[in-house]
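Chains as they are written, first to last, in our numbering: chain X, 995 to 1134; chain B, 995 to 1134; chain S, 995 to 1134; chain Z, 995 to 1134.
If you're looking for bench data, these hints aren't it; they were derived computationally from the structure. Hints may contain errors.
In silico SDA-like cross-links for lysine to any residue, where the CA-CA straight-line distance does not exceed 25 Å [stated by the list, open to error]:
| id | chain 1 | residue 1 | chain 2 | residue 2 |
| --- | --- | --- | --- | --- |
| 1 | Z | LYS1120 | B | GLN1070 |
| 2 | B | LYS1120 | Z | THR1045 |
| 3 | S | LYS1120 | Z | LYS1120 |
| 4 | Z | LYS1120 | S | LYS1084 |
| 5 | S | LYS1120 | Z | THR1045 |
| 6 | X | LYS1120 | X | ILE1072 |
| 7 | Z | LYS1120 | S | PRO1046 |
| 8 | S | LYS1084 | S | GLY1014 |
| 9 | S | LYS1120 | X | GLN1083 |
| 10 | S | LYS1120 | Z | ASN1048 |
| 11 | S | LYS1120 | Z | LYS1084 |
| 12 | B | LYS1084 | X | GLN1083 |
| 13 | X | LYS1120 | S | ILE1051 |
| 14 | Z | LYS1084 | S | ARG1064 |
| 15 | X | LYS1120 | B | LYS1084 |
| 16 | S | LYS1120 | Z | GLN1059 |
| 17 | Z | LYS1120 | B | GLY1069 |
| 18 | Z | LYS1120 | X | GLY1014 |
| 19 | S | LYS1084 | Z | GLY1014 |
| 20 | X | LYS1120 | S | GLU1040 |
| 21 | Z | LYS1120 | B | LYS1120 |
| 22 | S | LYS1120 | X | PRO1046 |
| 23 | Z | LYS1084 | Z | ARG1064 |
| 24 | B | LYS1120 | X | ILE1072 |
| 25 | Z | LYS1084 | S | LEU1099 |
| 26 | S | LYS1120 | Z | PRO1113 |
| 27 | S | LYS1120 | Z | GLN1083 |
| 28 | X | LYS1120 | S | GLY1037 |
| 29 | X | LYS1120 | B | SER1085 |
Protein chains: 4
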Amino acid sequence: MNDTQHYATEVEFGDCDPAGIVYFPNYFRWMDAASRHYFRAYGLPEWRELTPHNGIIGTPLVDTQARFLRPARYGQRIEVRSRISEWRQKSFVMTHSVHRGDELLLECTEVRVFATRHPEDPERIKAVALPEALRALLPA
Amino acid sequence: MNDTQHYATEVEFGDCDPAGIVYFPNYFRWMDAASRHYFRAYGLPEWRELTPHNGIIGTPLVDTQARFLRPARYGQRIEVRSRISEWRQKSFVMTHSVHRGDELLLECTEVRVFATRHPEDPERIKAVALPEALRALLPA
Amino acid sequence: MNDTQHYATEVEFGDCDPAGIVYFPNYFRWMDAASRHYFRAYGLPEWRELTPHNGIIGTPLVDTQARFLRPARYGQRIEVRSRISEWRQKSFVMTHSVHRGDELLLECTEVRVFATRHPEDPERIKAVALPEALRALLPA
Amino acid sequence: MNDTQHYATEVEFGDCDPAGIVYFPNYFRWMDAASRHYFRAYGLPEWRELTPHNGIIGTPLVDTQARFLRPARYGQRIEVRSRISEWRQKSFVMTHSVHRGDELLLECTEVRVFATRHPEDPERIKAVALPEALRALLPA
Chain X
995 MNDTQHYATE VEFGDCDPAG IVYFPNYFRW MDAASRHYFR AYGLPEWREL
1045 TPHNGIIGTP LVDTQARFLR PARYGQRIEV RSRISEWRQK SFVMTHSVHR
1095 GDELLLECTE VRVFATRHPE DPERIKAVAL PEALRALLPA
Chain B
995 MNDTQHYATE VEFGDCDPAG IVYFPNYFRW MDAASRHYFR AYGLPEWREL
1045 TPHNGIIGTP LVDTQARFLR PARYGQRIEV RSRISEWRQK SFVMTHSVHR
1095 GDELLLECTE VRVFATRHPE DPERIKAVAL PEALRALLPA
Chain S
995 MNDTQHYATE VEFGDCDPAG IVYFPNYFRW MDAASRHYFR AYGLPEWREL
1045 TPHNGIIGTP LVDTQARFLR PARYGQRIEV RSRISEWRQK SFVMTHSVHR
1095 GDELLLECTE VRVFATRHPE DPERIKAVAL PEALRALLPA
Chain Z
995 MNDTQHYATE VEFGDCDPAG IVYFPNYFRW MDAASRHYFR AYGLPEWREL
1045 TPHNGIIGTP LVDTQARFLR PARYGQRIEV RSRISEWRQK SFVMTHSVHR
1095 GDELLLECTE VRVFATRHPE DPERIKAVAL PEALRALLPA
């Protein structure tokens, strides 16, 4: 089973900084988009459609590590390749690489949780296990 | 010598996502701002004022690692505390922690370089050593 | 009664584009922040604290017009001056000007509504009148 | 000659605010992207490729007016339709509409200039006429 999903976008003028290259927080925005597209590609509903059923509001990050290898400029097509490299009890490890044609621009590892609002404290969120029926849709 | 600088900001409505908490790429934006304020606090000129003299255009990231401990919501004051924890030949390690009052929200370690445009390839950037006169302004 | 509120911020490196000046959508972000600070300055609670009581989730825009007079660069302090220039049944007109010291950078007029989720269609929002008790806190 | 260009994108989780709808400054970001794609569609080079030849660094806004008709949520495809509705001496009027399927979400009119850096003051920009050879590539 193919367990990698590809998300393509184009770097825009406004994504770049005065040095003329991508302002790096935008890579995290694109990898976050790639993460949502990953789950959608396997048939999971949007998080907001899940919320009334199991309380899940999204997959916030608990940890991320990224290595930036080459800069990119506006007008260039880039592709984020994403897969889940490890499943844990209430979290998972997502691995992304960002490419421009043959060139690797960035590697990133994220630890994310499926989160609900905390039942007792609206200021906090709570990690939960992904329901089995949804887990079954995703690569082993 | 005090070697930690503090950068305060307030989380705005538009910094938060449909889960009602800070959309995480914004933390990287704030830590990047904190990094610029760090150098300004010790008297370094803006990067664009340095460019005509030594070609430096900024301090792009080559590596970052972040741990997210608690979410934040709009209307809350947060503070980024930043210091340079290690100097290398052409790079340095910047350590940030993000606080909301007494609570630690986030810890992050960044490896950054002082960069100029690459002399032969406008698509690339090149790491350079910080000129001694500027290095002397910063904590040992 | 003073009916203008001031919101100050500093233009950051990442707020600027490859032309070295503020990427214009950021002005709308800052004016939106200024709008929230306006209501907070007169004692209104955060929108999310209002939601359980009267359903209000925020003040989305229905119309905006802006004139850009001068560019700004990173490291510069700017100030947004905001007031409500007209009250209508279920909407209001907010007028902003953005200044850098003595210089006017931008003028903007926004029409906003107090919005709740639409009772029948989660895809839509619904304009409502601001409850009298809250309206009384604001300048006539 | 077809004088309208279409730019499609998908609303992402991080483009939305705590009300669950697109945070409005993102529409300006997408319309700005659509504007760049418009010129690219007719064969104009990227601005940074023009800069060494005629100094043009981009097309900053001098005026914009937008009407927001319907909100959008993450996971929805939207399309920006853009055309130049008027040519002036050193500026032009760009008209955008944003659609989600059959529904009109937003209408916007922008006045933009072709800008170079000001020859005497790096803090300012200067409007210039688009060179004839480039103008000839665009719809009358």
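Check your understanding: What are the numbers of the hints that this structure violates, sorted from low to high?
Key -> The structure conflicts with hints 1, 3, 4, 5, 6, 7, 8, 9, 10, 11, 12, 15, 17, 21, 23, 26, 27, 28, 29, although it agrees with all the remaining ones.
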